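Participant: First to last, the sequence lines map onto chains V and E.
Per our numbering: the first sequence = residues 31 to 190.
Per our numbering: the second sequence = residues 51 to 515.
Careful: at least some of the hints might be erroneous.
[Claimed, not checked] Which residues of chain E face chain V? A partial, calculated answer using Cβ under 10 Å:
{"hint": "1", "residue": "His81"}
{"hint": "2", "residue": "Pro82"}
{"hint": "3", "residue": "Ala85"}
{"hint": "4", "residue": "Ala91"}
{"hint": "5", "residue": "Ala92"}
{"hint": "6", "residue": "Thr276"}
Everything labelled a hint here was simulated from the structure, so no lab data went into it.
Nothing here was measured: the structure is a model prediction, and the numbers come from that model.
Every residue, glycine too, gets a C-beta built ideally from N, C-alpha and C.
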Amino acid sequence: MKRAPWLVAAGTVAGFLGVLGLHKTAAPAALASGGIQPASQSSQPEHVSRRGQTPAGGTQATPSAAGATVTSVGALERYGYGELAARVSIGGGRITAITVPVLRTAEQYSQQLAAQVLPTLRSEVLAAQSARINAVSGATYTSQAYALSVQAALDKAHFR
Amino acid sequence: MSASPVAFGAPKSPAGPKRQPARSPATRRPHPALARLALLAAGAGLGATLAVTITSQPASQLSARGGPLTYAGSLAGMIGTYLALIMVLLVSRIPFVERVAGQDGLLRLHRAIAPWPISLLAAHALFLTLGYAEAARTGTWHEAGVLLANYPDVLIATIGLALMCLIGIISVRAVRRRLRRETWWLIHLWMYLALALSFAHVIVLGPAFVGHPLTQVVWSVAWAATAGLVLCYRFGLPVVRSLRHRLTVTEVRQEGPGVVSVICSGRRLDRLAVSGGQFFCWRFLARGLWWQAHPYSLSALPQPPYLRLTVKAVGDHSSALASIRPGTKIAIEGPYGAFTRYAQRRPRALLVAAGIGVTALRALLEDLPRGSAPVVLLRASQPADLVLSAEVRELVKHRRGTIHELVGSREKAAITEVSLPRLVPDLAQRDVYVCGPEGFVASIVETARNLDFPDEAIHHEAFAL
């Protein structure tokens, strides 16, 4: 058929851009609930705008009383290989501790992986003092679920 | 549509059913617009597959341990699987696609694409194993073991991949030549199973799918639809047609040295929409023949209740047809082929055939309207090889055309860039239809191209020997 390769190429471009467009409209919603930052750790004062949420760089006094420790348990996040919930302790306006009281995985490998990866994620959250952390390669879904659950816990405690 | 004055004659046995005057059965025209739409959709699917894969993996992955390999493995897997889907669709004999491209054209494309999905899927398995091993800081073999044992559905998918690789290996020309055609074909059919086995692990493990329900639904629907199309058009429709028409062999007639016509009769042939130049895959249900289906063109339009195919004895199957028993039942697949009058773009036609290629040409000629003034070139090395020439002459006369019978050796009677314009002065007004052995068709196509025929005006059907 004449121009067959052009038709396929045109369709490919259209399909690619179409899905990209669909993804963009869905993505801000995902970012708003606090997910993995694909960008590198170099801090950007002007973050991607989120509905109603404050930029990362700004400091804000936490509503909770300074000095008291607040614990908040995040939502149970299901991911491809299991589910987990994070518990966050906030004291003196800082995240002081994170534990994972609930961790159920689909199979043994994910369990081992989680065991390997959760300490790394924990220290990343403590360092960043937010749920906006890098994923650990090879444990993308675990990392994402962890960040989402931590963010949910932070939101519940009205942590900046 | 003109009625054909050339009947292929009543069968010798007087007990045969009365032949009705030739009626033009309802034909289904090809719609190139639909085919173009299909090409756009195929491209869109590829673009969408690329996009869902790329957007589901963060760019930061590329700078992490094992990240690039995992990324590449994921991409290779998605594109490889999408191409496999296209491969299946190409040979599922969807009517509106087949009418435009022709079964032989679709098979050529299928064979051309074939190395890509298999290679990409093998690369996918390899890259992911290497990438995961690097990320988990463990040995590759250990990682492979972990993948097979612990990840859901990966073991089954690996069996599917092994099947695919096997099919790829036996399809390499050097290996295929050593296998019987039926053996190769039976192994090849396992591809359906291989694809079914690998389906689950994609949805459960692929980053584009985990947590993306819309993508899961779309992917599943695409595969379910493909399976439905295969069941319907590849397997179902031929069975329905065979049962509806119940073809049986009525008579075998000698047409020339090593050439016989098989006349078949069936029910409701007025409902069988055939265009001149099309072929069927014929499965004669006789001992030693029932497990093979071979493509042969009809050598005349159907004259209900009769169909005719004319066959030259070149292999086991075609030779066996010379002695096939009347009353043998036939299962058919088809009609297939885009070598029809509907492919014509220019006002008039030039029909060129060599040897047994005259069969498709004779049927196509019958389909051309009265007064369409076709030019017919029949090429043969000996006069006895010019089968059906009397019918062709009659048909050409009724269409006010011209016929040239070019008999002799290649040195004396070949069709070349020099001889063709002399025989056919108004070449620029004609589409060329060429039919015959592969070598002949290839040389005529090249000659036509050298004489500035655009590709859309060249139509060919090569009979593989």
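Participant: All hints, please: hold or fail.
Facilitator: Evaluation of the provided hints:
no., hint, verdict
1, His81, "12 Å, violated"
2, Pro82, "7 Å, holds"
3, Ala85, "6 Å, holds"
4, Ala91, "6 Å, holds"
5, Ala92, "6 Å, holds"
6, Thr276, "17 Å, violated"
Consistency note: the structure conflicts with the earlier hints numbered 1, 6.
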